[in-house]
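**Q** Chains as they are written, first to last, in UniProt numbering: chain A, 1 to 247; chain B, 1 to 468.
Wrong hints could be hidden among the right ones.
What the hints assert, rightly or not - Derived CB-CB ranges, DEER-like:
hint : chain 1 : residue 1 : chain 2 : residue 2 : range
1    : B       : G360      : A       : G44       : 54 to 60 Å
2    : A       : Q218      : B       : C379      : 53 to 59 Å
3    : B       : R252      : A       : E228      : 39 to 45 Å
4    : A       : L157      : B       : D310      : 28 to 34 Å
As the list claims (entries may be wrong) - Pairs of lysine to any residue residues, derived as SDA-like cross-links and limited to a Cα-Cα distance of at most 25 Å, are as follows:
hint : chain 1 : residue 1 : chain 2 : residue 2
5    : B       : K188      : A       : F140
6    : B       : K206      : A       : I211
7    : B       : K220      : B       : R374
Think of the hints as simulated: they come from the structure by calculation, not from any bench.
Glycine is no exception: its CB is placed at the ideal position from the N, C-alpha and C atoms.
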Amino acid sequence: MMEVAGTSQERTRPADAAKSVVSQEVKTHFRVCRFIIETGVKLGMRSLPVATACALYHRFFRTASLEVYEPYLVAMSAIYLAGKVEEQHLRTRDIINVCHRFFHPGTEPMELDGKFWELRDSVVQCELLILRQLNFQVSFQHPHEYLLHYLVSVRNLVNRHAWSRTPIAETAWALLKDSYHGAVCVRHPPQHLALAVLYLAIQSYGVELPIGELEWWQALCDDISRGEIEDIMSDLLQLYDMEAKCM
Amino acid sequence: MDRMRKIKRQLSLTLRGGNSSDKSLSETISSQDNAHSDSEIVHEDVKMGSDGESDQVSATSSDEVHSPVRVRLREKPGRKISNEDINKRLSLPADIRLPDGYLEKFSLNSPLFDKPLSRRLRRVSLSEIGFGKLETYVKLDKLGEGTYATVYKGRSKLTDNLVALKEIRLEHEEGAPCTAIREVSLLKDLKHANIVTLHDIIHTQKSLTLVFEYLDKDLKQYLDDCGNCIHMHNVKLFLFQLLRGLNYCHRRKVLHRDLKPQNLLINDKGELKLADFGLARAKSIPTKTYSNEVVTLWYRPPDILLGSTDYSTQIDMWGVGCIFYEMSTGRPLFPGSTVEEELHFIFKLLGTPTEETWPGITSNEEFISYNYPRYRADCLHNHTPRLCNEGVDLLSKLLQFEGRKRISAEEAMRHPYFHSLGNRVITLPDTTSIFALQDIQLEKEPGMRTTSLSDSVNSISRRQSLLF
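Here chain A stands alone, though its shape is the one from the complex:
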């Protein structure tokens, strides 16, 4: 009782500190995922390998600590590993060169000296580390294909003109791609994430869908609640808020 009744200052301080550590971590992850996505684009990776790289990264840091592991190295190895998992094989050398340019814009590529080989060994070693941390569970089911199916279904429910006037598909797709900045992809099943981005896109443009016995989203996915959709949406919107804070 006495402890609980302690001064409000004493009670809030540790909580505040914890909160700021968390938000610092979230910011770091946001930046590193930004790095993964940009590097992926520069390496010519397709959407799914990039999504896999981000998911590997998020899964890794679900159990590992930022204080122990260098996030950008984990990110580079996640990209490398994602290439193997999704069969878009990338060369370590290309990854290192692209990342080098990212860290030091406008400089020459790295010399092929001791440092380069050390870095390459680190990327390879860290790949094994990720494999072990994730217990070799490195293949993912991504929301992309679900989103495509949902979009086709929803398009059939909406007035044709309303559909052509509003970029719902584009927005939902963009939201989905952006979602990989955060860890929603490893916290929710792919079906739910796909549905939430579509829901958010539809709401954002104020498009009306016919209401039958079930809500349209209940018809598409029978194991999701409105509360969960809202949770995912607020996570997503938080990312856009984060962007302003991070960049």
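Given chain A's structure and the hints, the job is docking chain B onto it.
**A** Using the frame of chain A, we list chain B on its own:
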């Protein structure tokens, strides 16, 4: 329309990740850097690994791992980020209307990352038992060797059971071979009586060792040992088990894609298990294994040989037909060494396809370029004298040119050919062997050689399975 264009532009901006955002990002990284003063090394103090925890890993000393930020050569002076940059950076349309209330909501609660501890504790306890440790396993004979992997017969000190140790060397500069990554990630999810069990994974600095259950021989050796004449009842049992394991994979959308007698392992009870998932689930059909060995064409379907990229579960069913034939007759069905020769063998038996037997084939350029003679389809009965009528019917349903016409594993298990096994084999739980049923028994092979001597002499050269 205008709005669409605007959004498209914004979308493409995220895609290209414009230069401006690059610079501002690298800036944030350099400032970020200071926050992580210890970011230059990766510590190995967190215990991690498979369910079977490896202890050797601590040999991966931290100072061998270097961070990418360490090699930065020089830093760019700071640069201001404009409002415009921020607007461009994420791909949401700028004019998007956010639903009321969400903005307030998300500022309130930020869920903490949950950090489960139980898994780690479980690993530690498994490690104490001896899982994940190399010294838990005694190496016996070498069973085979490939460019990247060596397979040993071994014994587990924990259970005294025989195991197969597939040791993958990691000194190679490309890290873990992707076949190994795929095989492990797949096998972890596949638990079935007709799929080889992965018991343990051991990491050391120089190698990754996969510990599989040990089975005496593969189907190829089994064929050799009984003089290429398997008892027809056993052919039925083996085929059923092959279909059962495959049906389980196909239900999970896993394709094996490298079915051949060498990848089907058989123990003395007659249990048959699918092995070597190194090529499974890959999105293209490789012509070479990771170690550059040519993947055999003998079990590859004609539509794939002619360039079809429509990979589905039906791709495995052709191979099942070829293996069924090989078990029944003792010789491979279509032993071609090139794509052209392979197709030639196929068409010689099943007839050169026409627009009637394979719609669309006459416009397939590869098919036209080979210019095969017009063979008439032969009667399968004449080639498989030991096979009953139902068996021939099933074989013909497996050997269909077009993937979509081929019988599926699930349908095949219900084919009349298997009716003599009874109904209960269909409804067995996944992890129960068909030999759990009393009326299912392996027949003695009349021509079987006593294996003990020949096994140890020949196993090195003959055992090709479990290799990359």
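**Q** Could you tell me which of the numbered hints above are not met by this structure, giving the numbers in increasing order?
**A** 1, 3, 6, 7
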